[in-house]
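Novice: What follows is the residue order along each chain.
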Amino acid sequence: MKVAVLSESPADELAVRILAQAVVPHVIEPVDILPLRTRGWPSVLDVVPVVIKQLHYHTLADGLIVVVDSNDSPVHTATHESVGGANAHCRFCQLRAVTSSTMQYLRPISGRSTLRYAVGTAVPAIEAWYLSGLNPQASEAGFLGGALVHDRRELKRLVYGTDRPGLSLEMNRAAMEAQRLAAGIHDLEISFPGGFGRLAVALRGW
Amino acid sequence: MSEDPIITDIQFSNFRVLRDAHLPLGQFTLIVGPNGSGKSTALKAFHYLAYAGNYSAQTLVSAGIGPDQGQSVSIRMKFSLPGLRLDGIWHPSWMGLQWQGSSPEFQRRFGNALAVTRVYSFDANILAQPVQLQPNYQLGERGEGLAAVLDRLRDQKPERFESLNAELARWLPEFDRILFDTPGQGARAILLRTRRGHHSIPASDISQGTLLALAILTLAYTPERTAAVVCIEEPDRGIHPRLLREVRDAMYRLAHPQDYGESRPPIQVIATTHSPYMLDLFRDHPEEIVIAHKRDTEAAFERLSERTDLQEIIGEAHLGDVWFSGVLGGVPPEE
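If you read the sequences in order, they're chains Z and W. In this text, residue positions in the first sequence follow our numbering: the first is 1, and each later residue adds one. In this text, residue positions in the second sequence follow our numbering: the first is 1001, and each later residue adds one.
By construction, these hints were calculated from the structure, which means they are not laboratory data. Check before you lean on any hint, since a few could be wrong.
Claimed, not checked - Derived CB-CB ranges, DEER-like: (1) W:Ala1115 <-> Z:His89: 49 to 59 Å; (2) Z:Gly133 <-> W:Glu1334: 29 to 39 Å; (3) W:Gly1036 <-> Z:Ser113: 56 to 66 Å; (4) Z:Asp151 <-> W:Phe1324: 19 to 29 Å; (5) Z:Leu45 <-> W:Ser1325: 11 to 21 Å; (6) W:Asp1020 <-> Z:Ser101: 46 to 56 Å.
Remember, it's a predicted structure, so these values are computed and weren't measured experimentally. Ideal Cβ placement from N, Cα and C applies to all residues, glycine included.
Let the sequences and hints guide you as you build the complete structure.
Specialist: Shown next as structure tokens:
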């Protein structure tokens, strides 16, 4: 199954691919195009429709995964899943809305199955996922309750030992922590039900 | 110098476009602003202090101030050690360097450090040129001697040279190794080996951006340890926006070596940029950004983190976009 990942850095993409493989019931492999990348929020909302059209019309991609950091935006909760409950400031809700609306306007291509998609938000940043299972406060509940540090620099210090990690260090840590988390992926779903749990639900449906 | 106090502030008086300005500095500082806003002028302070006796007030004074007005030009450096400062003063009839709060030993070492401090502004054509080997060749301000610096690194620190090769291959995956040619006796030229096919591409046929990236990387792996500061003009120039993260990491490797597995002491780094993409990379570190403001014929500096309304202004937007909008200042004036 050919899957594209749209994320903010090669390190994020590496982690997302490992975590997704722990959930998707097929072997996933990269799409035969140059790596996709976003400059982060808010430009990802402009880029997602373009990426979807490119993947659908010009590649053999089977699926697209989009993951962004939530930063200080509202955490995606079960309330947002109810009819009419989408939160206009929730990045998960915004991403899902722009993705699904773009999909509606794609022309069917003969012999081509519909592009699958799944979105996720790391609360407040992907480093919090890396701390899952290591730091009892590393969860969406911990974030909402104020137990998990909100400051991105402090999160980086906790994970990398510095708030100025080089990309190599980020890649190494992403691979190491994602492999650890993949071995017990349900724990990550439980700790981060809105941002990762909903992503996992979508991926299992592929 | 690196274990010594760092420069925390440079105050300028009647110094060209910097009539009354102070530049706040940290271990790493990125200055952003329009052309003519004093960024490059500020970096020249190191040269003028190092060779103060070669210059007169008349050559340094701001435009519009005549020799008959008796105005002095001054550059004052303050350090992280309270009370320590260096004043360079150019009076119409005399000049002098005055230290306060320093030992003679520090004065001597800092003087030597100033003399070898460089403001790098790399030129791809110069980077590509073969060079005649000399002992202790240092990278020139426009990139002179790149081949010699890399050749010496290979000979004297082969493990570090291999680390640089590995980093280069990560930055530019089409290449996997730096090779050398001997175009004449005692001369060296650079070639890059392609990952596929192992073809050797001479520097003259390598893209400008690739050479500029190689220069930044070389600087990060072969710093002039005795320099007071490393200054880099527009390290983003000619480099793809997606590679700017690596460029930032290279500068952090100099300024924060312990975070990059280096055992050497940190080096103070000052860089300039016009790139909103580069600025985006410092969103979490506004204390490292200095905005250069241009006001008529004068310029002023402002540390971004000193803006109390910063988070309110930026919100969810990209820092580079907010700067480009003009809300933070540091943009060209318009008629």
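Novice: So, for every hint listed, does it hold in this structure?
Specialist: Here is how each hint holds up against the structure:
no. : hint                               : in the structure
1   : W:Ala1115 <-> Z:His89: 49 to 59 Å  : holds (56 Å)
2   : Z:Gly133 <-> W:Glu1334: 29 to 39 Å : violated (55 Å)
3   : W:Gly1036 <-> Z:Ser113: 56 to 66 Å : holds (57 Å)
4   : Z:Asp151 <-> W:Phe1324: 19 to 29 Å : holds (26 Å)
5   : Z:Leu45 <-> W:Ser1325: 11 to 21 Å  : holds (18 Å)
6   : W:Asp1020 <-> Z:Ser101: 46 to 56 Å : holds (55 Å)
Hint check: a violation occurs at hint 2 only; the rest are consistent with the structure.
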